[in-house]
Structures are given as structure tokens and as C-alpha cells.
Amino acid sequence: MAGIAIENVRKSFGSMTALKELSLNVEDGEFVALLGPSGCGKTTLLRIVAGLETRTSGRILVGGRDVSDLPPRERKLAMVFQNYAVFPHMTVYENIAFGLRMAKADRTKVERQVQRAAGLMHIEHLLGRHPGQLSGGQRQRVAVARALAVEPSVLLMDEPLSNLDALLRMEMRAELKAVLREAGTTTLYVTHDQTEAMGLADRIAVMHGGRIEQLAPPMAVYRTPATVFVGSFVGAPPMNFLRCQAADGAVAIGALKLACPRNSGEIVMGVRAEDLLPATAGTGLPFEVRVVEPLGSHALLTGTAHRQQIRVVYAGERDVSAGETLHLAPIAGRICWMDAADGRAIEGTT
Amino acid sequence: MQARPAYLPYLLLAPSVLFLAALFLYPLAETILLSVRTAEGFSFDNYRRMAGDLNFASALGNTFLLVGVVVPLQIALALGLAQMLTKITRGREIVLWVWTIPMGVSDLAAGLVWLALLTDRGYVNSALFALGLIDGPTGWLSYETPVTLFVAIVLAEVWRATAIVLVILVAGFGLIPKEYGEAAEIFGATPWQRFTRVTLPLLKPSLQTALILRTVLAFEVFAVVFALGGRNFPVLVSEAYVWQFENQSYAVAAAYAVVVMAISLAATAIYLRVLRVKPEARL
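In order, the protein sequence lines correspond to chains Y and Z. Residue numbers for the first sequence, in our numbering: 1 to 350. Residue numbers for the second sequence, in our numbering: 1 to 283.
Chain Y with its partners taken away, still in its complex shape (with noise of 0.2 Å):
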């Protein structure tokens, strides 16, 4: 088993840099996602971890040892392609093999392994088919299975789900987990659905601008936010950021009065939807509400606070209708405080 160190690795395309000088710690046995809009360099930086892509500068250790400058081959490890990249010339069986049969394994551990990665994939009956003949999910649980047949210590994962449909991709999504879990292998995983890295991962590194926002546990990176970015990336509904003027140590917002960590200046409140609930009118923070989606469970309602949008997660009794004002108010501690201009959560709040 093994963990990946990537140590002050920096890439740049020419004049272009695609990741600013960023390290990450995967510890063994934990799988990490690297969560980002495209273009914040997460491929990138999982492909150079592959050795696919040259660093421009930093170093990458699999196990404490330093594969920086060592090909692909010799890194040991496994990876899921976005488009699956099964060979369509071999049996499901031979792509199973594949990285066995490279490793020069003798027959009998061979077939074992296939048999047994086939079955954590539940592809048993497809063995004998080629690619062609499998449906997009089937190829996709044939790569996993090529991936898990090497019984590798480190797995990276490019956007493996992205090219199912949505049910599919719940049902492999928690596959995936159990699997992953029980071999205990680490894992780096390139996603840029926040559901998936909410789900799956032990910690979410969110991406933005060739950089890590944020690395934490995937409720840390929900609740806290380190920036502006990943509140709005992280959830749905994004998070609803409120700029609001500081006065003496707090907030005022209708009848709503909020303690604040600025004496005075420009400050954002940051809140997730589901965090404002009804209050009585009279009190709390008037929402004009433009907007309701019933969704079964409760009702996404659009509008404005304080001359901004906002979107509130509205599970009340009472049916709400556009055009009507709700009185509402946060819940004590889940309120993020953030800088007005670097969009940084500040310090000791929260």
C-alpha cells in the first residue's frame, strides 16, 4: 500500500500555467477528488501523478518513492480513462489481463485475478465478448476491472462516470465506494460533479485557476468554504453569498442583526439554501420570492434579499407562490464570513 505525495509541482503550456506551484498529500488507503470547473488544471495534474504529462517543476512520490522522472510503466499504478480506453481488439478477458500479462504473470494468478476483478464488477458473464458488443456501462466496469485486476496500491480516476447517464452513474458511484473501500486502495479521483466528490471521496480537493481552493472532508467543504469559489461550486443550489455593509461589529439586514468579524466596510455572508428558514414577518431577513420549483421533497425558491439573488431550500407547511415576501432567518452557525475583496472566508468565524 502507498500514499502520493505531490510536492510544489508547478506546470506551465508555454506562456500558459496550468497549475501554480500545489502540493497534496493522499494519505494510503484514502481517496481524495480532485473537484473542479474545466480548465483548473485537475486532469492535468492527475496525468503528470500518471506520468502522461511532464512537470514543468515539483515531485511526485508513490510509496515515498520518487517516480518524478520515472514513464508510466514503472510508476505501479492503475488508472481509469474518461472514455474508457478498453482495447477493442482484446476480449474483455484479455483487457482484464492486460496489465497481468505485462507484469509477466504466470497463468494461474492470471486467471485468478481476472476472475475475481471481473466479479467485484459483476462482468463474470462478459469475459468472452469484445468491447463492441458492450454498452457504455459494461465497458466502463471493464476498465474499472482492468484497473482493480493489477491489484494496484494507487488507483487515479479521470472522470470515469462522466459518460453514463445519471441512474447508472448512482449505481456505479456506490459500487465504486464499497469496492474501493475494501481493497483499501488509494485513490485519486477527477471529477467535476460535486455529488460525486461529496460522495465518494475522504477529502475533496476543490480546483480553481490551477490551484487548490480547498482540501477538506466533503461536509467541511459544504458547511465552511475557504473561498467564495467553492461555495458557489460546492452544492446545489451554490451557496447564496450576501454583500452586506459592517457597522459596529455587525450586520443589519431588515430586522435581521447579525454579530460579524468587521467592525465596518463591505463584508460577505455566505449561507446555503437550505440554511434560512421561515421566520415570523416582522422579523428576520425579507426574501421576495420570483421563482418556485416544487422539487417533492421541498421547494427551490429564487428571489431577492437585500437587492440580491439568493436561493432558499423551502420545506415549510405552507405552500409558497411567486411575488409573495418570506421573512427569513439563518440558522446560528452556519454562517460564513467572508473578505468582500478576496473572497476568502475570514479566520475564526464559523
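Just so you know, the hints here were simulated from the structure itself, not pulled from any lab data. Positions of the beta carbon are idealized from the N, C-alpha and C atoms, including for glycine. There's no promise every hint is true.
Listed next, the in silico DSBU-like pairs over lysine-lysine satisfying Cα-Cα at most 35 Å (straight line) [stated by the list, open to error]: (1) Y:76 to Z:278; (2) Z:204 to Z:278; (3) Z:278 to Z:178; (4) Y:20 to Z:178; (5) Z:178 to Y:109; (6) Z:278 to Y:104; (7) Y:76 to Y:104; (8) Y:109 to Z:204; (9) Z:87 to Z:204; (10) Y:20 to Y:109; (11) Y:76 to Y:177; (12) Z:278 to Z:87; (13) Y:20 to Y:104; (14) Y:76 to Z:87; (15) Y:104 to Z:87; (16) Z:204 to Y:20; (17) Y:177 to Z:204; (18) Z:278 to Y:109; (19) Y:177 to Y:104; (20) Y:109 to Y:76; (21) Z:178 to Z:204; (22) Y:257 to Z:178; (23) Z:204 to Y:104; (24) Y:104 to Z:178; (25) Y:20 to Y:177; (26) Z:178 to Y:76; (27) Z:87 to Z:178.
Among the chain Y residues that face chain Z by a calculated CB cut under 7 Å, a handful are [what the hints assert, rightly or not]: (28) 79; (29) 98; (30) 178.
Assemble the complex: chain Y is given as a structure, and chain Z must be docked to it using the hints.
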């Protein structure tokens, strides 16, 4: 949108079908007829005359030898060049363009260029003489030097006609998503294993096209051979030429043509069979 009449596709295809029928099928039938017709009726006499000729066996042998050496050499060379091209990013088009220049040279012109290089008082001999490596004009292309003559023909053919293989294979390489190579690399394949286990099998369709095209054309080799070796190196098509224009025996020349066609068809059939990609194994 208006529904198209069912006959429209056939109507659009008709000109090309007619063109091929008039300029390909008809002459082909004529040639076959010509080869089996004699004064007394239909027989294989012309084929007997062809096979009984002193040069037939050597022409057949030489042609196969040439194809057997030139085509594999071209495929190997083109694979190497195409592989190198995939590694460069800047100036790739220019390199490819330069490499394909010989494709634009007519085969007779190419033969004459190589003749100018290799003839007794050609550039190569002048250079070797200037370097003091030879004492005077040395023959490379006479019947007394069959080995150097053969090497010269192979060189000229490889120089002239590798580009078409290269172009086909470069296109083929472009069709293989790079993830396959990367996946192989991640799972421990050495560059050679990546090439033999992943690249080559996925390149099969392009290889098949290139092989069919090159082999068929190589069996028809003529101008380069004739320019460099004249009758010192008889091949099937040069013999057909000799029978046609020197011996004025059109029927035997036609028999040669039919033999060349039969060999080409057989080679094509073999490639289609051996290099076929099963439907389930397609990309």
C-alpha cells in the same frame, strides 16, 4: 423536405459506373479474350507460349522477389516514419509534405533520376571517384552485377513509392485515440509492446489498405525497372511490353497482363482475409 425518388442514388452513381464499365471492364474483357483466342479458336496456346519463353521464369521470379523485398521494406519504413511523425508537434505538416514529394514524381522520371545517379559516369561514381574509393567508371546496373542492379531497383522503388504507404498509415495512426497507447503504458507495456499489442492491431484496416495498394502496384512494376535495368532484370510487365512492342505478339502480352491481374487479385484476397477486423473487434 420533399421525398427523394428511390432511383436518385442510382442515377447519381450511373456516370461513374458507366465510366468504369467503358474504360475498365470492357478493356479487361477484351484483354482476357485476346489472351485465349488463337487462329484456331479458343485455347491456352498463348499462355503456353508465354510460359515456354526463356524469360518467363526469371520475370516471374524477379517480380516476386522484388515485391517480397520492396513491400515489407516500405511497410516497415512507413511505420517507423509515421510513428516518428506522431511524436513531433511543430512542423509535422512540413515534414510529411517533404516526405511525400517523391509521390508526385512519375515513375519513369524517378527511374531516370536514379539512372543518372547510378550509371557508369553518374553522380555516385563521380563522388566515389573523387573520394578515391574507385579507380574509374564502375558499372552497377549491368547484367554482370545483378546484385547491385537489384539493390538499385529496390532503392529507387522504396524512394519512389513509400510515401503513399506513409500517407495511409499516418491517417491510420490519426484514427487511433491516444488513450489506448496511454492505457497500455500505464499498465506496464514497454514501447515495443505498446506497438505490437495495441498500435499494430488497431492499425490493421490502414495496413490492409496500404498493403493491397502497394502490392498490386508492385506487381505492376515497370518503368523504374526498365529505366535502370532494361532487359537485364526482366519482370512480368516488362516482358508484356517486350511481347507487345518488340515481338508484336499482342496475345502473349495479353496473357502476361492476365497473369499479373490474377496474381494481384490473389494477393488482395489474401490481405482481405488475413487482415480482416472482426465486426465485434472494431473501434
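Q.
Just to be careful: measuring from the Cβ of residue 79 of chain Y to every Cβ in chain Z, is the smallest value less than 7 Å?
A. Because about 5 Å separates residue 79 of chain Y from the closest Cβ in chain Z, which is inside the 7 Å limit, the hint holds.
Q) Between residue 178 of chain Z and residue 109 of chain Y, does the CA-CA distance stay at or below 35 Å? A) Holds, at about 29 Å.
Q | Satisfaction of hint between residue 87 of chain Z and residue 104 of chain Y, Cα-Cα up to 35 Å | A | Roughly 28 Å separates the two Cα atoms, so the pair holds.
Q | 35 Å limit on alpha-carbon distance, applied to hinted pair residue 76 of chain Y and residue 87 of chain Z | A | holds (24 Å)
Q. Do the alpha carbons of residue 204 of chain Z and residue 278 of chain Z lie within 35 Å of each other, as the hint requires?
A. With Cα atoms ~11 Å apart, residue 204 of chain Z and residue 278 of chain Z stay inside 35 Å; holds.
Q) Has the given pair, residue 109 of chain Y with residue 76 of chain Y, been kept, meaning a C-alpha gap of at most 35 Å? A) holds (18 Å)
**Q.** Restraint check, 7 Å cut-off on beta carbons, for residue 98 of chain Y near chain Z
**A.** Check passed: Cβ of residue 98 of chain Y comes within 5 Å of chain Z, closer than 7 Å.
Q. Is the Cα-Cα distance between residue 20 of chain Y and residue 178 of chain Z 35 Å or less?
A. Within the cut-off at roughly 26 Å; holds.
Q | residue 278 of chain Z paired with residue 178 of chain Z [C-alpha distance capped at 35 Å] | A | holds (22 Å)
Q: Verify the proposed pairing of residue 278 of chain Z with residue 87 of chain Z, using a straight-line Cα cut of 35 Å.
A: Between residue 278 of chain Z and residue 87 of chain Z the Cα gap is close to 30 Å, so the pair holds against 35 Å.
Q: Assess, step by step, whether the Cα of residue 204 of chain Z is no farther than 35 Å from the Cα of residue 104 of chain Y, and give holds or violated.
A: holds (26 Å)
(Q) For residue 178 of chain Z and residue 76 of chain Y, compute the direct alpha-carbon distance and say whether it is at most 35 Å. (A) holds (20 Å)
Consistency note: the structure conflicts with the earlier hints numbered 10, 13, 16, 17, 22, 30.
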